[in-house]
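Residue numbers (numbering that gives the first Met the number 0), protein chains in the order written: chain A, 0 to 246; chain P, 0 to 246.
All clues given are correct.
BS3-like, lysine-lysine: derived pairs with alpha carbons at most 27 Å apart:
{"no.": "1", "chain 1": "P", "residue 1": "K60", "chain 2": "P", "residue 2": "K6"}
{"no.": "2", "chain 1": "A", "residue 1": "K187", "chain 2": "P", "residue 2": "K187"}
{"no.": "3", "chain 1": "A", "residue 1": "K88", "chain 2": "A", "residue 2": "K149"}
{"no.": "4", "chain 1": "A", "residue 1": "K224", "chain 2": "P", "residue 2": "K49"}
{"no.": "5", "chain 1": "P", "residue 1": "K246", "chain 2": "A", "residue 2": "K246"}
{"no.": "6", "chain 1": "P", "residue 1": "K127", "chain 2": "P", "residue 2": "K192"}
{"no.": "7", "chain 1": "P", "residue 1": "K185", "chain 2": "A", "residue 2": "K246"}
{"no.": "8", "chain 1": "P", "residue 1": "K207", "chain 2": "P", "residue 2": "K185"}
{"no.": "9", "chain 1": "A", "residue 1": "K91", "chain 2": "A", "residue 2": "K224"}
{"no.": "10", "chain 1": "P", "residue 1": "K224", "chain 2": "A", "residue 2": "K183"}
{"no.": "11", "chain 1": "P", "residue 1": "K91", "chain 2": "A", "residue 2": "K149"}
{"no.": "12", "chain 1": "P", "residue 1": "K6", "chain 2": "A", "residue 2": "K224"}
{"no.": "13", "chain 1": "A", "residue 1": "K136", "chain 2": "A", "residue 2": "K149"}
{"no.": "14", "chain 1": "P", "residue 1": "K246", "chain 2": "A", "residue 2": "K187"}
{"no.": "15", "chain 1": "P", "residue 1": "K123", "chain 2": "P", "residue 2": "K207"}
{"no.": "16", "chain 1": "A", "residue 1": "K60", "chain 2": "A", "residue 2": "K136"}
{"no.": "17", "chain 1": "A", "residue 1": "K185", "chain 2": "P", "residue 2": "K185"}
{"no.": "18", "chain 1": "P", "residue 1": "K91", "chain 2": "A", "residue 2": "K127"}
{"no.": "19", "chain 1": "A", "residue 1": "K185", "chain 2": "P", "residue 2": "K224"}
{"no.": "20", "chain 1": "A", "residue 1": "K192", "chain 2": "P", "residue 2": "K224"}
{"no.": "21", "chain 1": "A", "residue 1": "K224", "chain 2": "P", "residue 2": "K149"}
{"no.": "22", "chain 1": "A", "residue 1": "K224", "chain 2": "A", "residue 2": "K88"}
Think of the hints as simulated: they come from the structure by calculation, not from any bench.
2 protein chains.
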Amino acid sequence: MQRYFIKESQIKNNLITIDESDSHHIKNVMRMREGEHVIVCSLDEEENSKNYLCTISSLGKNVILNIQEELNENNELDFNVTIAHGLVKRDKQEEVVRRLVELGAYAYLPVIMQRSVIKIDASKRQFKNERFERIVKEASEQSERNRLMKLLDIVTVKELINSFDNYDLVLFASVASKNDLSLKEKMKVTSAKNILVIVGPEGGFSEKEIEIIEATSAQTMSFGKRVLRTETAPLYAMSVLAYEGEK
Amino acid sequence: MQRYFIKESQIKNNLITIDESDSHHIKNVMRMREGEHVIVCSLDEEENSKNYLCTISSLGKNVILNIQEELNENNELDFNVTIAHGLVKRDKQEEVVRRLVELGAYAYLPVIMQRSVIKIDASKRQFKNERFERIVKEASEQSERNRLMKLLDIVTVKELINSFDNYDLVLFASVASKNDLSLKEKMKVTSAKNILVIVGPEGGFSEKEIEIIEATSAQTMSFGKRVLRTETAPLYAMSVLAYEGEK
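The shape of chain A in the complex, shown without the other chains (with noise of 0.2 Å):
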């Protein structure tokens, strides 16, 4: 079924007021009736949702819709998984925003690195923006996620090495990989409910980006024999890790 997101802001006495532009697509793009249904995934600020099933009550320049239950359902994870991934081209990160969102992916956090093709100025560290937040909430409503992914703001590697804390695993792609333990391994022992994965850019690491995150809590993750391309990499990890967390 169609889903919308709102924000619970939009909720006043069992009725939701829908913006302008997902009213255009209700009424114009899915051509929908007055009575036909559409779930909905209201998020507070904190960015919890709750899920109702809806019916369209009208059809006007703002659609309202009457909410008549809520949804017990729950597509995610059972734990946040980051992709750190170095700054590629405008294309290649829109590629792979819209991927990660339907694989389940927590967060995406472009990092600057040393071989990155891309060049910011070191004062333009926000990421998000209106057609990258349009991407991540359109393939939420196709892929039926209950929350938008995250897009955090730029950082570098030093800055990304001091927030490892607030994982309690941390794996970096590694074509040479230690293997002393499985993923599944990996994520049972840490009983693992913030995942950071961490993805080159288009020339891989630089060799002192891997000393010094070798140096850290970091583990390699094997990312098989061939060599995947940085929009690729991402997309096998999330894949993986999706699938360790739900068989």
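Put chain P on the given structure of chain A with help from the hints.
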């Protein structure tokens, strides 16, 4: 190290004559010099490969390489995974083909399905063309594969089902998976050497298609709780199969 796929017939007396396209790549893209090294994967008529470490001997119109030694390298999976994919638009096919090569797939098999947006003339079954072959070759060289993923001719669902005997495990994407056995157990039980995974087109399988596939020996495979797009599902499947095979 940069690698190139060649045909066995290009080797004579320990020397390899590179074709004009790859010669251009060596000279003008990689800007390599005489004496530098490349890896060459030589494919015989059955597409078995031998891998050689070579030095650049001369940089004429056709670059000549000198074989130094045969390499004992194998980045392939122990089993063959064929991805049968409902016909989708060309740009999506190209992306899926490229990523499946990186992830280690054995073959890509487009299938005419009821809900495919793309309709083809029943007589036009050849999928392989110059553009797709170039994508496979480039992705194979970049991802350090030892063989080229096969691009199979387009089939109908009926023809697909008739080919099930060629595989020892047939999996199809299901939202509501029976999940009697885990994927790992399924792979073990069959000690699968030839695996077929069937993924629907944009609109998913039709009810009739599900009905006739379920009446066969095909087994359901969970793709997680979220709804994956038709171009994401093959990547998820190939990632977790490679992961199960290599961990």
